[in-house]
Amino acid sequence: MTGNALLLGALATPLIGAILALLAARSNHRQRLIGVATGAIAWLFSAGLLAQVHEYGVQTYALGGWQPPYGIVLVADAFGALFAFMVTTIMVAGLLYTYHCNDKCMTYPAFLPLFLLMEVGLVGAMLTGDLFTLFVSMELMVLASVSLTAISDDQFGLEAALKYILISSMGTLFLLLGIAAMYATFGTLNMADIAQTLQSGERPFLAPAAALMLLCAFLLKSAVFPFHFWQPDFHTTAPTPLSAMLSSIVVKVGVYGIFRLVTLLFVGEEADSLERLLSVLGVIGIVFGSLGALRTYNAKRMLAYSTFAQIGFILVGIGWGGTVALVGALVYAFNHAFIKSALLMLMGVVASYTKIKTADFAYVHGLGKRLPPLLGWLVLLGGLSLAGVPPLNGFISKLALIRGGVDNGDWVNLIIVVAAGILTLMYMIRAWQQIFQQAPLPSTAETKPTGDSIIAPFLLITICLLLGTVFAEPLLQLAGETVRQMLDPQIYIAGVGLGNGG
Amino acid sequence: MTEFMFALAIGILFGIGVFQLLRRDLIKAAIGFAILFSAINLFFVAAGAFEGEAPPYLSNVLAGRATSDPLVQALILTAIVVSFGSFSLVLGIVNIISKRYDTVDSNDVTNLKH
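Those protein sequence lines, which keep their order, are chains A and B.
283 is the number that the numbering used here gives to position 283 of the first sequence; each next residue is one higher, with no gaps.
47 is the number that the numbering used here gives to position 47 of the second sequence; each next residue is one higher, with no gaps.
Hints are computed from structural coordinates only; laboratory data are not their basis.
In this text the structure is predicted, and so the values were computed from the model without any measurement.
Worth double-checking, as some hints may not be accurate.
Stated by the list, open to error - In silico lysine-lysine, BS3-like type, Cα no more than 30 Å apart, as pairs:
(1) Lys369(A) / Lys448(A)
(2) Lys99(B) / Lys28(B)
(3) Lys355(A) / Lys369(A)
(4) Lys99(B) / Lys104(A)
(5) Lys355(A) / Lys99(B)
(6) Lys104(A) / Lys448(A)
Just need the whole structure built from these sequences, with the hints factored in.
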């Protein structure tokens with residue numbers, strides 16, 4: 001019995017899609033069709049997986065039939081399945097965007113295969129039950145996104161790619177070092193197995209060092225304070241469909257790792273000190289990210305700084321700890337992916353109407369009068385959602401997070417969180433006004449007649465609206481159930497088949 | 001003694017790697033990155049190498065000899081592939097940068113600084 005094949009499907013579909021896209025390298029149009037179809041199939045697999053996990057509990061797939069803890073095992077618990085579902089949903093939108101994207105780099109035969117390989121890395125990182133496979137998936141994701149940014153239309157993409165790969169490789173090296181330290185002390189790399197050893201109260205010599213190295217690698221991947229300086233450059237210069245993925249789901253891999261670290265591997269006293277560290281780093285991220293977003297000169301760069309702040313919100317939520325705050329952090333992470341990818345795509349659409357494809361305020365000032373009117377309303381809705389204004393899903397996530405803060409009675413951080421929401425509103429409204437409300441400057445008068453299609457961001461904003469109204473209650477229930485299962489590591493351990501003493 | 005020499009070698013390689021990675025010359029930085037990766041691969045091997053001296057063949061296991069851990073060796077095979085992939089990507093990017101900027105000095109590759 002090897003397990004549930006849906007897990008393998010969610011992981012293998014984008015991989016097969018990448019190979020097919022490579023085989024279809026001669027026809028760019030066919031490649032894009034393969035991309036959209038692959039994304040849709042992977043989404044079906046992960047949706048089925050999410051349903052099955054909530055119906056029957058933790059699903060596993062032992063690769064090659066080698067049973068855990070010796071073999072590599074794919075695991076979907078409630079948390080992993082939820083994040084994998086989020087990733088594949090956003091990827092569908094990203095692939096839809098690539099279908100109508102006019103960027104020059106889109107016509108390179110390597111673009112679609114690399115884009116799909118990034119999805120393999122993302123889904124693999126969320127669904128693996130093995131630390132080494134996590135490392136391989138994260139590295140795959142990094143290499144794919146770096147190559148895609150290096151071929152970006154933006155002339156600075158190459159430099160940002162070099163900057164990121166040197167920093168990120170350093171992070172990956174430390175992740176590998178941490179994994180080696182884990183193996184040296186525990187003799188296993190299966191996360192459930194390690195969690196079981198740690199739960200018995202045993203504290204091997206290298207374990208705290210390994211925990212810290214893993215934490216640093218995850219913080220680097222999600223661009224948290226001391227490791228954030230590459231992020232605005234990298235996210236701004238990436239091609240639009242990629243930058244929407246980077247700022248929404250690629251940073252979530254780090255968040256995923258941190259969640260796993262404090263709820264599965266190092267529960268107990270290590271988790272407390274890690275959480276204290278995380279809330280400090282989160283607050284720094286919120287303040288500097290929001291202020292940085294206020295003073296940028298480029299709409300995409302503003303959103304990249306905003307991601308820096310929003311990850312801070314999630315970390316503060318994790319740092320508060322406890323069921324209510326973790327539900328808040330989880331809902332926040334889920335909703336942020338939809339809002340941020342939609343906004344970045346919208347800014348990409350705006351940029352695609354300029355001559356040199358930039359979202360620099362000096363070039364897009366007043367451009368909105370010449371664009372489809374729907375675009376302005378979508379940007380406004382996305383901005384309001386990011387700031388947490390009621391009918392949209394940003395409100396639900398802010399509400400859940402603030403409930404967690406009240407529950408913990410941490411008033412200082414709570415005030416910062418609420419105040420930063422106002423900053424978010426300020427910079428989003430400022431950007432919207434500059435682009436859509438003011439008269440065009442002479443320098444910005446020239447536009448191209450056509451730009452990228454707004455289908456993908458339109459769908460994402462619709463999902464945001466639905467998540468804020470009709471699906472708000474189910475989402476909160478889902479997150480509550482997920483956190484309940486996350487806070488009991490025994491469910492994960494037993495789900496992998498390593499129950500008591502086994 | 002072997003263990004000590006092994007640890008020393010890993011330490012020296014790690015030091016060289018970090019030093020080279022922080023150089024201004026991007027090619028030296030890329031090579032430092034490769035050295036650093038070998039240091040970590042060696043660390044990984046060391047995690048399972050000293051439990052026994054015999055190679056982990058089935059015949060040795062059946063004969064009851066203490067074998068070294070085969071799993072780490074399988075793992076670093078993957079790690080070597082990954083490191084080689086990232087190393088060649090770094091070199092590729094440095095190659096294009098050297099053509100576009102006419103330099104490999106990282107102090108001169110600063111167009112992003114506005």
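Discussion item. Run through the hints listed earlier and report the numbers of any the structure violates, in increasing order.
Written reply: Structure breaks no hint.
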